[in-house]
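Whole structure, please, built from the sequences with the hints as guidance.
Okay, so the sequence shown: first residue is 19 according to our numbering, each after it adds one.
It is possible that part of the hints are untrue.
Distance condition first, Cα-Cα at most 25 Å in a straight line; then the derived DSS-like pairs of lysine-lysine [to be verified]:
| # | residue 1 | residue 2 |
| --- | --- | --- |
| 1 | K66 | K47 |
| 2 | K47 | K90 |
| 3 | K73 | K46 |
| 4 | K77 | K46 |
For the record, the hints were derived by calculation from the structure and aren't laboratory data.
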Amino acid sequence: FLFPSSTETYGNVILEAMASGLPTVACKKGGIFENVIDGYNGFLCGEKDTEDFYKAVEKLILNEDLRKAFAKNGLRHAKGKSWDRIFDKLMESYEEVIEECEVRERKIIST
19 FLFPSSTETY GNVILEAMAS GLPTVACKKG GIFENVIDGY NGFLCGEKDT
69 EDFYKAVEKL ILNEDLRKAF AKNGLRHAKG KSWDRIFDKL MESYEEVIEE
119 CEVRERKIIS T
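Structural data, given as structure tokens:
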């Protein structure tokens, strides 16, 4: 499963692909880090780095054992997720952003 998006907030579509037994190649940006563990259940590639994506896909095409390992590990990872856990992580992310904004606002007001 090739997912080059760099704006994904969490990566539900990646979890769906993993739950379907697909090895994953994704962009090393956004919320993807929650699901793709580079070299374990997929490959993470540089944003807009077509050569990086090409090499990752080529490795998977040429190595059946690697495809199977990523598929197995991805399925295991996806099964360990629940909507409650996903929602909790999303709320944590929102809280971090709110806190960062409040800190910036306090700095601006105090100067």
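Of all the hints given earlier, name the ones this structure violates by number, lowest first. No hint contradicted; all consistent.
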